Amino acid sequence: MSKAKNSKSRTILVTGGAGFIGSLLIDNLLKKGDNIVCIDNLNEYYNPSIKKLNQVDHYEYDHFEFYEGDILDEGLVKSIFKKHDIEIVIHLAAMAGVRPSISNPTLYTEVNIIGTRIILDAMVESNVERLIFASSSSVYGNNKKIPFCEDDNVDRPISPYAATKKMGELLCHAYHHIYELNISLLRFFTVYGPRQRPEMAIHQFVRNALKGEPIIVFGNGSTARDYTYIDDIIDGIIQSIESDDRYMIYNLGNSEPIKLSNLISTIAETTSIDPIIEYQEIPQGDVLQTYADINRAQNNLKYDPKTGIQGGISKFVKWYISMKNTYEDVY
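With the working numbering, letter number 317 in the sequence shown gets 317, and the count goes up by one each step, no holes.
Just so you know, these hints were derived from the structure itself, not from any lab.
Incorrect hints may have been included.
As the list claims (entries may be wrong) - Cut-off 25 Å, straight-line C-alpha distance, at most; resulting in silico cross-link-like pairs (SDA-like, lysine to any residue):
id	residue 1	residue 2
1	52	66
2	306	321
3	259	246
4	259	216
5	324	264
6	211	324
7	82	144
8	144	277
9	144	259
10	144	182
Quick caveat: nothing in here was measured; it's all calculated off a predicted structure.
Model the full assembly from the supplied sequences, consistent with the hints where possible.
Here's what the structure looks like:
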């Protein structure tokens, strides 16, 4: 039986809604009764079967509609806005990943910059005023000042991916200034948890450890990331939807950088496996450390990350083991 929507629900467009963060966000919004419109091109950055699996529960709701298409298809995007009375846009669709952006900067530029411009233009044309834009901690590059604060200089990205995310932020500011769009920009810090993309570090490390395959470590294990559990990120997004921001940037992180060597030790302890480690040079474009100052999000959004690395890894490992048979054919 399909689930009916709340009569007071909002209509929210989620771009990239079949992916890791987007699908879990939609889970949450549908349960709240919001009317969700989703566009995702189900590209082959990783196996589209995973994205389809992420969406299975969404179709149980009457108030969910999915469009398989590209945000670069301006005609499709505008038709979605014309068909639905969109009130809020959560723009998650993007080409993700630092290293692939180095080998294919053209695609990243097209999707992350032109695609964002198309979404913004459609909002203006349809008089939609509220946007949540997913940015990235990568915009901080190798800034020496830590923790990273929203007001820090971010003019020195070290990968095409980071540069396109910075450009997306700049476009958002321009459209806010010209058209008075109300925009919250969320800089995500290394999000992990169930449904995480299979090429991301924690997913790879857990998978390889359980299969007895080497874990590839770039550098000597001293690089650090501010790993942020998906539930905390979803809470931050939800809080930003409810805010009355005109234009504001927020860091959404855990504010606790974890060294790579400590991450691997946590995975080893959680899985009771002594993993095989293979060391390689740090690739171009990789930053040495991320560390979020989250004071602004705490004060304005009541953002309160609750899941530390030990608890988060434990949850991820349990999820991975429960889903291993389902996913084994797509890795």
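**Violated hints - listed by number, lowest first** = Hints 3, 7, 8 and 10 are the ones this structure does not satisfy, whereas the remaining hints hold.
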